[in-house]
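Enquirer: Sequence:
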Amino acid sequence: MKKIRVGGVPEHFNLPWHLAMENKHFEKQGLDIEWVSFPGGTGEMNQALRNNEVDVCMLLTEGIIADIIKGNPSKIIGMYVKTPLIWGVHTHIANPLSLYGETYDKQYAISRFGSGSHLIPIVDATLNKRKISNDQLVEIKNLDGAIETLSKGETDVFYWEKYTTKPLVDQGILKRVGEFVTPWSCFAIAATDKIIETAPDELKSMMSVIHFNCEQFMNSTNAVELVSEKYHQKLEDVEQWFYSTEWATSDYVSTKMIKNVMFMLKQAKIIENEVSLTKILRRL
Numbered sequence: 206m207k208k209i210r211v212g213g214v215p216e217h218f219n220l221p222w223h224l225a226m227e228n229k230h231f232e233k234q235g236l237d238i239e240w241v242s243f244p245g246g247t248g249e250m251n252q253a254l255r256n257n258e259v260d261v262c263m264l265l266t267e268g269i270i271a272d273i274i275k276g277n278p279s280k281i282i283g284m285y286v287k288t289p290l291i292w293g294v295h296t297h298i299a300n301p302l303s304l305y306g307e308t309y310d311k312q313y314a315i316s317r318f319g320s321g322s323h324l325i326p327i328v329d330a331t332l333n334k335r336k337i338s339n340d341q342l343v344e345i346k347n348l349d350g351a352i353e354t355l356s357k358g359e360t361d362v363f364y365w366e367k368y369t370t371k372p373l374v375d376q377g378i379l380k381r382v383g384e385f386v387t388p389w390s391c392f393a394i395a396a397t398d399k400i401i402e403t404a405p406d407e408l409k410s411m412m413s414v415i416h417f418n419c420e421q422f423m424n425s426t427n428a429v430e431l432v433s434e435k436y437h438q439k440l441e442d443v444e445q446w447f448y449s450t451e452w453a454t455s456d457y458v459s460t461k462m463i464k465n466v467m468f469m470l471k472q473a474k475i476i477e478n479e480v481s482l483t484k485i486l487r488r489l
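Mapped onto our numbering, the consecutive letters of the sequence shown carry residue numbers 206 to 489.
Treat the hints with care, as some may be off.
To be verified - Calculated lysine to aspartate or glutamate pairs in the EDC-like style (CA-CA distance at most 16 Å, straight line):
| id | residue 1 | residue 2 |
| --- | --- | --- |
| 1 | 464 | 479 |
| 2 | 287 | 479 |
| 3 | 435 | 239 |
| 4 | 371 | 349 |
| 5 | 275 | 398 |
| 6 | 371 | 444 |
| 7 | 233 | 407 |
| 8 | 371 | 216 |
Unchecked claim - Ranges of calculated distance between the beta carbons of each label pair, as one might list FRET restraints:
| id | residue 1 | residue 2 | range |
| --- | --- | --- | --- |
| 9 | 206 | 242 | 34 to 40 Å |
| 10 | 483 | 437 | 41 to 47 Å |
| 11 | 481 | 299 | 47 to 53 Å |
| 12 | 349 | 483 | 21 to 27 Å |
| 13 | 278 | 234 | 22 to 28 Å |
It should be emphasised that the hints constitute simulated quantities derived from the structure, not laboratory data.
A quick note: this is a predicted structure, and the numbers were derived from the prediction, not measured.
The beta-carbon is built from N, C-alpha and C at its ideal position, and this holds for glycine as well.
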C-alpha cells in the first residue's frame with residue numbers, strides 16, 4: 206500500500222480529508238494517507254514540501270504560487286477550495302486601533318514569511334495604494350503566537366481566516382476591525398515534483414477520492430452540525446461559513462486564476478517576475 210504524507214492546517218476546511226480517512230475511502234483505493242497538521246499555516250507547509258517532509262499539502266493559492274516561483278520543487282495538481290478566503294483583520298481588544306484604514310503603518314503579526322498572513326496584508330495594502338515594509342512584520346509562528354504578541358502590544362494587526370478566529374472575537378480577546386476577501390480561489394493542492402514523478406497513478410486516485418468526499422460533504426445534511434461539534438464553533442457561524450464555501454470536485458484548475466495571482470504578487474513586489482504556467486501547474 207502506497208503511503209502519501211498529506212499536510213494541512215488543523216481547521217474546518219480540511220474535514221473532508223478526515224472523513225475520507227475515517228471512512229477508509231483512501232484505504233479501499235490502496236492508499237495509506239498519513240495526515241500531518243501544520244498550525245503554522247502555508248509558510249510552514251511550504252518549508253515542509255521543500256524539505257521533503259510531506260508529499261502533498263493544501264495551501265493558500267497565493268502562498269504556494271509565490272514559493273514555487275522562488276524555487277519550491279512542487280506543482281499545483283488541483284484546487285481544493287474554489288471560493289475566496291475571507292480574512293479577518295484583527296487587533297487585540299485593548300488596542301485603540303478601531304478602523305481598517307488605520308492599519309497600514311502598524312506592526313503586523315505574521316505566522317511566517319511566505320504565509321498568507323504575510324502575503325495578504327501586502328496585497329491588501331497594494332490594492333489600497335499603501336505600502337507595508339519588512340520592519341513592520343513580526344514572525345509569530347501561529348495563532349497562539351499572534352495572541353501573545355498582540356496582547357503584549359508588540360504587534361497591532363493580524364490577518365487570519367475570519368471564522369477560525371471568530372471564537373476569539375466572541376470571547377473578547379481579539380477585535381476584528383475589517384475583512385479582506387482574496388480575489389481568487391483560496392486553497393490549492395500541491396505535490397512535490399518527486400511524488401509526481403514516482404507515484405502519478407496514486408496521486409490520481411487520491412485526487413478522485415478527495416473530490417468525491419468534497420462532493421459528499423457539500424451535499425451532507427449534517428455537515429454544519431459536524432463542523433460545529435468537531436471544531437467547537439457556533440452553529441450560526443458554521444452555517445455562514447459553509448454556505449459561502451465551495452470545494453473542488455474535479456481536476457479543473459483555471460489558468461486565468463493563476464495568472465491573476467501572479468499579476469497581484471508582482472504588483473505587490475512579492476515576486477519579481479511572472480513565470481510560465483508549466484512551472485506552477487501539473488495536470489495528472
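Enquirer: Against the earlier hints, flag every one the structure doesn't satisfy and list their numbers going up.
Expert: 2, 3, 9 and 12
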